[in-house]
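S.K.: Sequence:
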Amino acid sequence: TTELTNLGPLCVGHHTIKHHGGWRVRQIPDSGGALEWKSPGGRRFVVRPERKVPVFRPAPDDDRSPQATAPF
Numbered sequence: 006t007t008e009l010t011n012l013g014p015l016c017v018g019h020h021t022i023k024h025h026g027g028w029r030v031r032q033i034p035d036s037g038g039a040l041e042w043k044s045p046g047g048r049r050f051v052v053r054p055e056r057k058v059p060v061f062r063p064a065p066d067d068d069r070s071p072q073a074t075a076p077f
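Heads up, the sequence shown is in this note's numbering, so the first residue is 6 and it goes up one at a time.
If you're looking for bench data, these hints aren't it; they were derived computationally from the structure. Mixed in with the good hints, there may be bad ones.
As the list claims (entries may be wrong) - With beta-carbon atoms standing in for the labels, derived distance ranges:
id, residue 1, residue 2, range
1, 18, 65, 35 to 45 Å
2, 13, 47, 16 to 26 Å
3, 16, 36, 15 to 25 Å
4, 28, 63, 35 to 45 Å
5, 44, 65, 46 to 56 Å
6, 61, 29, 33 to 43 Å
Claimed, not checked - Cross-link-like lysine-lysine pairs, in silico, DSSO-like; alpha carbons within 27 Å at most:
id, residue 1, residue 2
7, 43, 23
8, 57, 23
9, 43, 57
In this text, a Cβ means the ideal position worked out from N, Cα and C, and glycines have one as well.
Given the sequences, and given the hints that come with them, work out the whole structure.
M.R.: As structure tokens, then:
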């Protein structure tokens, strides 16, 4: 079943085996999106997502006062 704590993007193939292939999948809490798959035979596989997009952090802003002008 779909639950808010178990949402994860799956391709068509993985979605099909999840619902029609006897596999079970769960998202591992606090893992950054890692999924644990359990085969019909009981074997477990952990899949960790690859980071595709670099993380950009904004430069520190020295003027954070409420009177500061918005940057747009």
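S.K.: Against this structure, judge whether each hint is valid.
M.R.: To see whether the hints hold, each was checked on the structure:
1. Taking the beta carbon of each, residue 18 and residue 65 are about 44 Å apart, inside 35 to 45 Å as hinted.
2. A hinted range of 16 to 26 Å holds for the C-beta pair residue 13 and residue 47, which are about 21 Å apart.
3. Between residue 16 and residue 36 the Cβ separation comes to about 20 Å, which falls inside the hinted range of 15 to 25 Å.
4. Checking the proposed 35 to 45 Å range against residue 28 and residue 63 shows it holds: the Cβ atoms sit about 41 Å from each other.
5. Between residue 44 and residue 65, the C-beta spacing of about 48 Å keeps the proposed range 46 to 56 Å intact.
6. Under the hint 33 to 43 Å, the C-beta atoms of residue 61 and residue 29, about 36 Å apart, fit the expected range.
7. Annotation: proposed proximity of residue 43 to residue 23 holds, straight-line Cα distance about 10 Å (limit 27 Å).
8. Taking the CA atoms of residue 57 and residue 23, the gap is near 24 Å; set against the 27 Å cutoff, the hint holds.
9. Distance restraint check for residue 43 and residue 57: the Cα-Cα separation of roughly 25 Å lies within the 27 Å cut-off, and the hinted pair is therefore satisfied.
Checked against the numbered hints above, the structure violates none of them.
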